[in-house]
Each structure stands twice: as structure tokens, then as C-alpha cells.
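Colleague: Two chains, two frames, a set of hints: combine them into the complex.
Residue strings, one per chain:
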Amino acid sequence: MNVRSAIIVGFLLTACSRSDLPDCPPDTAAPVDAELLAFLGRARSAHHAADQLERRSDTAAAIVKLKQVTSGPRPKTRHAEVREVLADTLARIADLEGRRGDFEVALEHIEEGLGLAPAPSYFQGHLFEVRGLVEERRANTLKENGQEAEAAKATERALEAFEQAMKIQARVIDQSLEQDGGNR
Amino acid sequence: MKQQGSPPETPFAVLPEEQEEELSEALSCAWAPPDVDAALHRRLLEIALEDPLAPPSAAEREEAERLRRTLDDADDTDDGATVLTALRSAYTPSELDRARERALRGSGGGGALPRRARRAAWLLGAVGTALAAAATWVAWIDVPRSFEATPSHPSLRTYVSRSTTPLFDDRFAVGAASARVDRIATARARELRDNRFANWGLR
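The listed protein sequences correspond, in order, to chains A and B. To convert, note that position 166 of the first sequence is 166 in our numbering; the numbers rise steadily by one, no gaps. To convert, note that position 203 of the second sequence is 203 in our numbering; the numbers rise steadily by one, no gaps.
Extracted from the complex, chain B is given alone in its bound form (with noise of 0.2 angstroms):
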């Protein structure tokens, strides 16, 4: 039984001062977002504004070389090395040493896995599949038809230019311009973000 006057008890942890602070800032930044730095923004714009398939710059193929280096040496402080040799391996695995199966196996318990977890995980992926086909199922009937095959990536798909009227449900009101322009420019920029995303082949 809990004594009277003690705290109340929280099922959740109490985040330390410094995480709080920044949660409370983010928070805050959410609800009322302060206004950015002139420069800080013409240097958003700029970015986002960058073509990503354009040739690259001095200070890229001068990156690209020290991490080329990197890797050559299997450096494992470096960062950007590690997730690149982390995704080159979820990709292409190599061969992994008797020894270290042999050790792996043991720790994990030994010999197969017992049947009720078998059936578990058969279940598990029975039902990722079934979503994801209706998933696939829903996201085709609701796309609209905007766009087109991705050619750098086939199966990925652009955007394309086209009428903005159905962006528009009523007919223009005199003086309502801007507002109007704000619509068009808003969506279009969404595409092009998503473009982008197609060319990168990560949408």
C-alpha cells in the first residue's frame, strides 16, 4: 500500500534536463515557429532549388576520394565509412567465417527454432505480405494521374507539368491572386521534392 503524501508514481521515464530542454524547444518551435535568418534562408532555398543531377562539385569529388580512402583502409572510426560498409553488406554480404558462425549459433541458443516460434514468424510474414498488397492496392487507386515512369528509375514515378485546375474548386474571385499562385506553387514544389526523391530511387 502506497503511504499518503508520497509522489504519484509514472508509468514513463523522466527524460534528463537537457533532453527536456531540447523536447520543450521543439515543441515550442512546432506550435509557434520563429522566423528564420534572412541568409539561412536564401541558403535553403538554394539547396533546395540545386539540381541533384548536376555534375559534382570540387568539394564533393574531394569527399568522395577521402572516403574511397577510407574504405580501402576498413577504417571503422570514420563514420560515413561505417554506414557505407553496413549498407554494402545488408546488399552484397559476404561470406561469413566458420568460426564466427559457429560462435554466433552457439550464443543464440543452438539448433533450430522450436516450432510455436516457426509458426510465429511464418504468420508474421503472412500478414507484412497481405498488407503490403493492400497497401500497393490502395496507394494505386488514390494516385492521381500526374505522373510518369521515372527514367532513371522505372519503376519510380514523376511528376509531370499539367493544368492546375484541379486545384481549384470554385471560380476565381478578382483579387484572390496570390492566393491562388501560393496553391500552385505549393503543390508544384511538393512534387518536386518527390521528384527528386524518384530520381535519388528512394521514394
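This is chain A alone, in the form it adopts within the complex (with noise of 0.2 angstroms):
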């Protein structure tokens, strides 16, 4: 074997040896497939629709298209995406209850959207800032109403939130920067 079959059996044997990187499957998850896309396309438009409405002021209408989403067909695998964009357009339509002063439907949305979302996430951080969106808009209310005292929980709780909200957020970006570190 002369200098260079050498050298090219060399690097074809130390790239055979990186096997281990790509072959290994993170876990046993449904593939991408056509169902997938097809909430995920059904979704987008829902949401575009929603920017439309929301244009026109018409808040009712963009709340009633983006409940076509979280109440429509969903595909029968549990999708991590289909868990995410359901806790995110619920997340849009608790913020939409919230500015209709709906505080405690909108609430009741948010718990629904930590029930999809009960890892530390963008979504999850998402959903407790959304929390804290509501809980501030009541504490106004409330305070122009002359409640004081119930505007003033409604603000610790806001706060609250808001707090839980920036320690998920630290978390999941601390995360990210950990498995950059990793992958470099």
C-alpha cells in the first residue's frame, strides 16, 4: 500500500469511527408526517386569521377562530409540536379574554396551556407572562372601581408571575447555552 491509499483509508476509517453521532434515535417518536403538518398548516391560518380579526378590533371573532384550534381534530400521535402550538394559541386567546376583561376564563385557559406545556419551555414562560398580563389588567380594573384592596392581590399576583415567568425564561436559556457549550 503506497503513501496515499494510506492516507485515504486513514480518513475514511476515522470518519467510519463518528457512527455514534447521527444513528442513534433520541427516543421512539412518531416520524414528521403528513397529519403533523396538516394541524400545523390548519393552525397557521387560524392564527393569520386571528391577526385579521384583531385589525378590526373584532376580538370575539379572533378568539372564536383560535378556538377552532384547541377544540378542532387533532392527529391521533401526541406530537410534542401539536402539545406546543396548542399551549401558545391558548396563551393567545387567555391574553384576547383578558383585554375583553374576561380575567377568569382567561385564567382558565392559561391552566390549560400549563397542562400542555409542564417542563420549563418558552411555551411554559410564555403562559405565566400571559398570567401576569391577565392578573395586571384586573388589578386596573379593580382599582378604577375603587377595589383597592382586591387590585392590590391582583398585583402580587401579577408580579408573581411575571417572576415565575423571568425564572423559567433564565432556565430554558441557560439550557440552551449548556448544550451549546456541549455540542461545540
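Be a bit skeptical, because a hint or two may be false.
Unchecked claim - Once the Cα atoms are required to be at most 25 angstroms apart in a straight line, the calculated SDA-like pairs of lysine to any residue come out as:
| # | chain 1 | residue 1 | chain 2 | residue 2 |
| --- | --- | --- | --- | --- |
| 1 | A | Lys167 | B | Ala173 |
| 2 | A | Lys76 | B | Ala173 |
| 3 | A | Lys67 | B | Val174 |
| 4 | A | Lys67 | B | Ala189 |
| 5 | A | Lys67 | B | Thr186 |
| 6 | A | Lys67 | B | Asp182 |
| 7 | A | Lys167 | B | Ser163 |
| 8 | A | Lys76 | B | Arg190 |
| 9 | A | Lys143 | A | Leu107 |
| 10 | A | Lys76 | B | Thr82 |
| 11 | A | Lys67 | A | Ala34 |
| 12 | A | Lys67 | B | Gly175 |
| 13 | A | Lys167 | B | Asp170 |
| 14 | A | Lys67 | A | Pro118 |
Since the hints were derived computationally from the structure, they do not count as laboratory data.
Modeller: Laid out in C-alpha cells, this is it:
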């Protein structure tokens, strides 16, 4: 074997020794399939339709449109993407309900969303952030109505929710940085 | 020496008018794509979301039967049959007729390749192998752990469902939900396309 052949064979052997990198599936997750894409496409359309309705200041119609996603058909497989998009959609519905002054209904949507995003993630952090916004709006409304004590309690809950949101986001950023460091 | 006033010479061949128009239209479509007709858009979506593993339709069966007959009759006027014959020959080449082989050898200049040409061919092969190995190396390093082996083609990989968090690098802004769904749908649509190619053994 001459020098050139040795270099080539060495190169190939080194490359093959890295076969542990990509071929290990992370888990037995379902493949990205047409059902998932159909759900995502439907959600995408609903969000864009809701954008248009919001621009027309038709908040009620925007909520109805978004609820077609949360109560509509879902893929049989439990895709992580479906849970996350549903959680984000519920956060948006909660924000719209909060703007309409339906604070309790808004908080119910937040709880439902948190059930779909149980681990720290941008989705979970966002739900806490919206919870804070809902409580903040409630506090403002109560203050306007002269209910100072109730307003103070709502403000306290808003602060707690914002604090929680910040902690979650910080944790997600840390995890992301750790992963980036590990990948280097 | 060139005469003054003569048109400047161009190193490129001038395209025929028809091809020039075609190229010009393709470039303007790429630069500012016009709206797609709604019916065509629906049809494109249907095609894109069609299940590649679904049982064949009646039309597909009919076309397959027609193609089989064409292949049996060795009809070389049919484009589909010609392509299939070429593919089959590349995969399982049939024995070459002795007389035809001799004729081909004769027309090719005859005899073995000169020593210099053999060295060049060997060198090209070696460089190609090294580049392929390097490309494999780079691809393995950069590919995210987001797939598993494709059942129909175990050497190929299938993207699997997973959290979309890596698609985002900052906290979510209120009022930007549509943009987030856009990003998720776009990323997964690309992966679905790749999965289909993998299922067909084409990636």
C-alpha cells in the first residue's frame, strides 16, 4: 500500500468511527408526517385569520377562530409540536380574553395551556407572562372601580407570575447555553 | 487588429429569442413571484400532502400496466420505457454482444488506456473518495439529533416529532404567535419533504 492509499484508508476509518453521532434515535418518537403538517397548517391559518380580525378590532371573532384550533381535530399521535402550538394558542386566547375583561376565563385557558407545557420552556414561560398580564389588567380594572384591596392582591399575583416567567426563561436560556457548550 | 466601430465580441453564445424570453420570465418570477391561482395552489397543497405510501389509484394502475406492456414489447419510442430501460441497464446490465463489443473497442481508439491517462483516472478516483469521506464527516457533525432510521430504507434517516424550542432563541413576545406558528410549520414542512424522499430511498 503506498502513501496515498494509506492516507485515504485512514481518512475513511476516522470518518466511520464517528458513526455513534447521528444513528442513535433520541427516542421512539413518531415521524414528522402529513397529519402533523395538516394540524400545523390549520393552526397557522387560524392565527393569521385572528391577526386580521384583531386588526378590525373584532376580538370576539378572533377568539372564536383560535378556539377552532384548540377544540378542533388533532393528530392521533401525541406530537410535541401539537402540544406546544396548542399551549401557545391558549396563551393567545387568554391574552385576548384578558383584554376583553374576562379574567377568570383567561386564567382557565392559562391553566389548560400549562397542562400542555409541564416542563420549563419558552411556551411555559410565555403562559406565566400572559398570566401576569391578565392579573395586571384585572388590577387596573379593580383600581378604576375603587376596589383598592382586591386590586393590590391582583397586582401581587401579577408580580408572582412575572417573576415565575423570568425564572423559567432564565432556565431555558441556561439550558440552551449548556447545550451549545456541549455541542462545541 | 479589430476595426473601430465594430460590435464588441462576447465570450458567451447569444440565446435564441425563445430561450431568452423563457430565461427572462424565470428570472422575473424568481425576483418578484406573481400570485398563484387559487385552484392551482389548492392542487399543489393536495399533491404535497398526498401520502406517498397510499395504495395506487386506478389511474396509476392503468399507467403501470401500459408501461409493462411497452417494456415487454421493447418499444423504444416511449419516453418512460426508455428511461426505465436505461435505469435497469445501469443496475443489472445485460451481456454485451461480442461483435458489438469489438466494434465499440475499435471505435474508442483501441487498446488499453495510456499510462498517463491511467494515473490521472486513479488520482481522480482517489480525490473523489477523499472528498466523499470529508463530506460524510461534515454532514455527520452538523446533523441535529432529530431523526431515526427510515424503516423502509434503514440507511436513511427520518425526522421525528420533537419540541420546537430549538427553533427559537429568545423569549416569546406577546402578539407574535402567528410568526411562531409560521416558523414551526415551515421547519416541519421541510422535514416532511425530507422524510418522503427518505421513504422513497432518494435522499
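Colleague: Confirm or reject each hint.
Modeller: So, going through the hints one by one against the coordinates:
{"no.": "1", "hint": "A:Lys167 / B:Ala173", "in the structure": "16 angstroms, holds"}
{"no.": "2", "hint": "A:Lys76 / B:Ala173", "in the structure": "30 angstroms, violated"}
{"no.": "3", "hint": "A:Lys67 / B:Val174", "in the structure": "18 angstroms, holds"}
{"no.": "4", "hint": "A:Lys67 / B:Ala189", "in the structure": "23 angstroms, holds"}
{"no.": "5", "hint": "A:Lys67 / B:Thr186", "in the structure": "22 angstroms, holds"}
{"no.": "6", "hint": "A:Lys67 / B:Asp182", "in the structure": "18 angstroms, holds"}
{"no.": "7", "hint": "A:Lys167 / B:Ser163", "in the structure": "20 angstroms, holds"}
{"no.": "8", "hint": "A:Lys76 / B:Arg190", "in the structure": "21 angstroms, holds"}
{"no.": "9", "hint": "A:Lys143 / A:Leu107", "in the structure": "19 angstroms, holds"}
{"no.": "10", "hint": "A:Lys76 / B:Thr82", "in the structure": "43 angstroms, violated"}
{"no.": "11", "hint": "A:Lys67 / A:Ala34", "in the structure": "22 angstroms, holds"}
{"no.": "12", "hint": "A:Lys67 / B:Gly175", "in the structure": "17 angstroms, holds"}
{"no.": "13", "hint": "A:Lys167 / B:Asp170", "in the structure": "14 angstroms, holds"}
{"no.": "14", "hint": "A:Lys67 / A:Pro118", "in the structure": "21 angstroms, holds"}
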